[in-house]
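2 protein chains.
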Amino acid sequence: MTTETTAIAETGVDEAAAAARSAFATTVASTAAERAAWLTAVADALDAARDELVPLADEESHLGTARLTGELARTTSQLRLFARAVVEGSYLEATIDHPDATTIPPTPDLRRMLRPLGPVAVFGASNFPFAFSVAGGDTASALATGCPVVVKGHSAHPRLSRRTAEVVAGALAAADAPDGTFGHVEGRAAGIALVQHPEIRAVGFTGSLHGGRALFDLASSRPDPIPFYGELSAVNPVLVTPAAVEARAAELAAGLAASFTLGVGQFCTNPGVVFVPAGSGFAELVAAEVGEATAPDAAAPMLTDGIASAFADGVAALAGHDDVRVVAGRAGNGSNAASAPGTGSPVVLATTAAAVIADPQALFAECFGPSTLVVEYASIEEALTAIRAVGGSLTATVHAEPGEDLADILAVLTEIAGRVLFAGWPTGVAVSWAQQHGGPWPATTTIHTSVGVTAMRRFLRPVAYQQAPDAALPAELREDNPLGIPRRVDGVLVVPGAEARPA
Amino acid sequence: MTTETTAIAETGVDEAAAAARSAFATTVASTAAERAAWLTAVADALDAARDELVPLADEESHLGTARLTGELARTTSQLRLFARAVVEGSYLEATIDHPDATTIPPTPDLRRMLRPLGPVAVFGASNFPFAFSVAGGDTASALATGCPVVVKGHSAHPRLSRRTAEVVAGALAAADAPDGTFGHVEGRAAGIALVQHPEIRAVGFTGSLHGGRALFDLASSRPDPIPFYGELSAVNPVLVTPAAVEARAAELAAGLAASFTLGVGQFCTNPGVVFVPAGSGFAELVAAEVGEATAPDAAAPMLTDGIASAFADGVAALAGHDDVRVVAGRAGNGSNAASAPGTGSPVVLATTAAAVIADPQALFAECFGPSTLVVEYASIEEALTAIRAVGGSLTATVHAEPGEDLADILAVLTEIAGRVLFAGWPTGVAVSWAQQHGGPWPATTTIHTSVGVTAMRRFLRPVAYQQAPDAALPAELREDNPLGIPRRVDGVLVVPGAEARPA
Chain A
0 MTTETTAIAE TGVDEAAAAA RSAFATTVAS TAAERAAWLT AVADALDAAR DELVPLADEE
60 SHLGTARLTG ELARTTSQLR LFARAVVEGS YLEATIDHPD ATTIPPTPDL RRMLRPLGPV
120 AVFGASNFPF AFSVAGGDTA SALATGCPVV VKGHSAHPRL SRRTAEVVAG ALAAADAPDG
180 TFGHVEGRAA GIALVQHPEI RAVGFTGSLH GGRALFDLAS SRPDPIPFYG ELSAVNPVLV
240 TPAAVEARAA ELAAGLAASF TLGVGQFCTN PGVVFVPAGS GFAELVAAEV GEATAPDAAA
300 PMLTDGIASA FADGVAALAG HDDVRVVAGR AGNGSNAASA PGTGSPVVLA TTAAAVIADP
360 QALFAECFGP STLVVEYASI EEALTAIRAV GGSLTATVHA EPGEDLADIL AVLTEIAGRV
420 LFAGWPTGVA VSWAQQHGGP WPATTTIHTS VGVTAMRRFL RPVAYQQAPD AALPAELRED
480 NPLGIPRRVD GVLVVPGAEA RPA
Chain B
0 MTTETTAIAE TGVDEAAAAA RSAFATTVAS TAAERAAWLT AVADALDAAR DELVPLADEE
60 SHLGTARLTG ELARTTSQLR LFARAVVEGS YLEATIDHPD ATTIPPTPDL RRMLRPLGPV
120 AVFGASNFPF AFSVAGGDTA SALATGCPVV VKGHSAHPRL SRRTAEVVAG ALAAADAPDG
180 TFGHVEGRAA GIALVQHPEI RAVGFTGSLH GGRALFDLAS SRPDPIPFYG ELSAVNPVLV
240 TPAAVEARAA ELAAGLAASF TLGVGQFCTN PGVVFVPAGS GFAELVAAEV GEATAPDAAA
300 PMLTDGIASA FADGVAALAG HDDVRVVAGR AGNGSNAASA PGTGSPVVLA TTAAAVIADP
360 QALFAECFGP STLVVEYASI EEALTAIRAV GGSLTATVHA EPGEDLADIL AVLTEIAGRV
420 LFAGWPTGVA VSWAQQHGGP WPATTTIHTS VGVTAMRRFL RPVAYQQAPD AALPAELRED
480 NPLGIPRRVD GVLVVPGAEA RPA
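In order, the protein sequences belong to chains A and B. Position 89, counted from 1, in the first sequence is what numbering that gives the first Met the number 0 calls 88; the numbers after and before it change by one each time, with no gaps. Position 297, counted from 1, in the second sequence is what numbering that gives the first Met the number 0 calls 296; the numbers after and before it change by one each time, with no gaps.
No wet-lab data here; the hints were simulated from the structure. Just so you know, these numbers come straight off a predicted model, no measurement behind them. Virtual Cβ for every residue (Gly too), placed ideally from N, Cα, C. Be aware that a few hints might be false.
[Stated by the list, open to error] Output of the computed footprint for chain A on chain B, the stretches with three or more beta carbons under 8 Å from beta carbons of chain A:
| no. | segment |
| --- | --- |
| 1 | 103-113 |
| 2 | 417-429 |
| 3 | 466-480 |
Given these sequences and hints, build the entire structure.
And the structure:
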């Protein structure tokens with residue numbers, strides 16, 4: 000591994016981007032089977048390195064061995080899901096129109112499929128050192144499409160990033176992916192240079208609103224703007240109906256407490272604001288659930304000192320608002336961080352929907368860490384007005400009782416969020432075909448997802464071939480469909496083998 | 000019609016955007032059948048108004064009755080194609096994952112589909128007063144998804160825009176679309192305000208690189224950036240192999256002459272640069288084809304005086320380049336416009352691939368009008384280097400003989416363009432399922448198409464429903480699939496009725 004370590008450590012942005020561009024000449028023409036083999040090789044290598052990687056991740060992130068072991072398994076299972084999806088082939092949207100002289104204008108032979116964009120820059124996130132970092136969803140989905148990747152490792156886990164990069168690069172090389180298919184750079188300046196580099200064709204980013212907006216602006220102001228897929232900020236509102244709080248307040252309070260404190264609250268899907276009926280005493284129930292965890296000596300280490308101090312500041316700012324009361328936890332100025340530097344402990348705050356409607360910007364600032372704001376509403380209508388003021392979010396959750404009419408509630412929740420939950424809590428994001436991780440600004444910057452199979456669409460662009468000789472076409476578009484992938488032919492979706500399958 | 004005329008003329012941006020937002024509360028929940036009926040009603044009304052609209056379009060655009068009649072038919076057939084696609088339903092990407100406890104993490108019941116973004120601003124283009132204007136592809140694809148539309152009419156055909164807007168608004172009202180589903184505003188300031196308006200969620204634009212870039216920058220720098228789907232500029236390179244020019248030079252020259260002069264060269268898919276073997280005499284063959292059309296009294300009126308004078312200036316700049324020779328037409332300083340104000344006539348220029356490689360910016364500036372630049376190459380390799388220097392384009396064409404190995408050529412053409420042609424010429428864009436109209440910057444600003452069925456994807460965003468009661472789900476995601484649309488269920492694409500259909 001010495002050679003690889005050296006190669007990766009010494010590689011700068013220009014070198015990594017040029018190597019990625021050079022690799023793209025090969026990866027753009029790779030077969031689905033080849034790409035599936037690359038992804039599987041990376042997954043196998045990461046699994047094999049688990050006993051080395053998980054302790055390293057725990058040293059740098061303090062997230063605990065159990066959580067990190069699960070996160071690594073999620074990461075490798077994500078790579079394998081993309082491998083299956085690549086072979087299945089429908090993500091290419093292969094479409095064939097045979098010539099038709101009766102249309103206006105006449106249709107020539109036209110065949111369309113998606114093709115990889117080119118080298119992709121991926122920014123690792125601090126809070127998921129495996130699943131949203133070097134070998135996370137952005138990297139997996141980009142490699143799956145045939146786009147080389149240059150990762151900018153996160154400074155919160157530099158040693159893990161380097162070691163993961165070595166494992167990924169080694170696995171790709173062993174699986175015969177071309178040199179330059181994967182690169183790794185470090186540091187803020189490298190990240191900025193990467194977003195502006197002429198050879199980079201798209202960016203995947205998970206991080207803060209502030210940093211993400213700055214990089215989005217750089218990507219958009221290039222001479223040739225490129226797509227910037229950023230997942231930036233979300234408060235993930237939860238609405239509890241009067242019937243639900245009446246039927247199962249204690250269960251809901253326990254569920255909320257477990258969700259907002261999970262991983263010391265460092266989830267982008269953390270339930271940050273929870274709407275409950277006024278007078279329900281719900282905030283106090285949640286406070287009772289987290290009671291012991293608020294003790295100074297129970298404070299848990301956060302990802303970085305900077306995140307812990309930003310959390311303390313954010314909580315203090317909220318607590319200092321005239322209309323906010325502290326129901327549990329330490330939220331005086333700087334007091335949450337005071338237990339020990341770099342730690343955080345649960346805080347439950349409460350306010351009213353009327354206050355939120357009057358001052359949404361102050362009350363809905365994302366506070367990254369283990370806090371939640373319980374918002375007491377006078378009516379569902381008032382709660383919905385306040386939720387609209389939240390703006391875009393990754394998730395929105397409703398807890399209701401069977402038989403309640405949810406039409407008005409759903410109209411608002413689907414408008415502001417990318418994933419709407421009817422049970423459970425938003426932390427925990429399944430990696431599957433139907434997943435959607437993204438939502439209206441500032442949740443994400445675009446109309447695509449960063450988790451789940453359709454995340455591949457971000458790194459693809461359509462190309463149509465007009466009147467091409469069959470031999471000149473990619474296999475996916477040849478008349479006899481040699482790969483047997485689903486295709487739309489003359490407007491009709493055709494799934495080979497579907498005749499034998501029940502609908 | 001008096002009431003409608005007044006309503007549209009007096010409506011400002013704020014009013015139109017607010018009305019669109021209000022309509023969205025209804026259109027977001029519209030059924031596929033309702034949207035199909037709206038589109039069909041608009042198509043029928045436009046067809047019924049043909050004898051009024053075509054002469055009006057001709058007065059303002061000078062494009063001729065035959066072309067404009069065909070363009071209107073294309074426009075209404077486009078609306079009807081979207082109506083069929085909406086009912087077919089696969090554009091929603093409906094995906095269902097049943098719960099699966101064996102995945103990491105476990106998968107809950109997750110159901111995902113695409114939903115409309117909200118009010119869309121559409122900028123009419125000057126060169127297609129029907130097909131890319133008030134009721135063109137952007138409007139049709141946005142309405143198809145359930146997004147209300149506010150059109151900013153193009154100043155090149157104000158009376159046609161207003162009248163078309165009245166017909167569209169009247170047809171939608173008669174088909175029971177909610178008030179505000181369609182609006183129309185005019186003027187540069189209105190366009191700028193529209194792109195920045197808080198209620199507008201996306202923009203469709205076809206126009207110049209300069210104007211498009213300015214609006215793209217506005218959309219990207221909003222407090223909440225929105226997608227800007229711009230089709231801006233393309234030179235549409237054509238590569239003729241030595242074997243092809245040897246086999247059929249005269250036929251190719253005639254084809255090129257017809258294509259680059261079509262509609263006085265005012266097509267975004269105009270073949271602006273054509274690579275031919277050095278010494279083939281191809282430029283002179285093209286010159287002979289357009290010979291008579293270059294006479295001063297043969298000059299044809301262009302869309303606007305501004306376009307004609309920009310064309311004359313562009314041609315003069317190219318002709319003034321040390322390495323460019325004028326093979327046919329009048330290309331001295333201002334001389335093309337000199338025939339009569341607002342007119343243009345064909346110009347054939349020639350240069351070498353070496354000159355292009357040395358100075359691509361100067362030689363590949365898009366020159367909107369009836370000119371083409373014949374580029375003589377010493378080798379295919381040299382031609383491909385020059386084509387790479389062209390950058391992104393809507394189309395790229397190769398003319399080769401049967402049996403030639405096109406791998407190297409295709410690698411370059413697919414990299415720079417969204418549509419690759421193997422026969423014919425790029426002017427003429429079929430509206431179909433497989434069409435792709437878009438390409439790398441500056442051809443378009445995003446990874447989507449503005450023509451063809453998949454243009455709808457631009458105005459949609461995914462929403463996933465987690466553990467939703469069946470009754471709370473949109474019909475498209477209910478377990479029993481009441482609308483019978485294609486869906487992906489547990490990773491498998493299921494097309495109802497496909498059992499009976501040959502693969």
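Inset, instruction - Examine the segment 417-429 of chain B: at least three residues should have C-beta closer than 8 Å to a C-beta of chain A. - result: The restraint on the segment 417-429 of chain B holds, since 10 of its residues have a Cβ under 8 Å from chain A and three suffice.
Legend entry - Given coverage of the segment 103-113 of chain B by chain A, tested with a Cβ cutoff of 8 Å and a minimum of 3 residues: It holds: at least three residues are needed, and the segment 103-113 of chain B offers 8 whose Cβ sits within less than 8 Å of chain A.
Legend entry - Proximity test - 8 Å, beta-carbon atoms, the segment 466-480 of chain B to chain A, at least three hits: Our answer is that it holds, as 4 residues pass the Cβ test (under 8 Å) against chain A, meeting three.
The structure agrees with every numbered hint stated previously.
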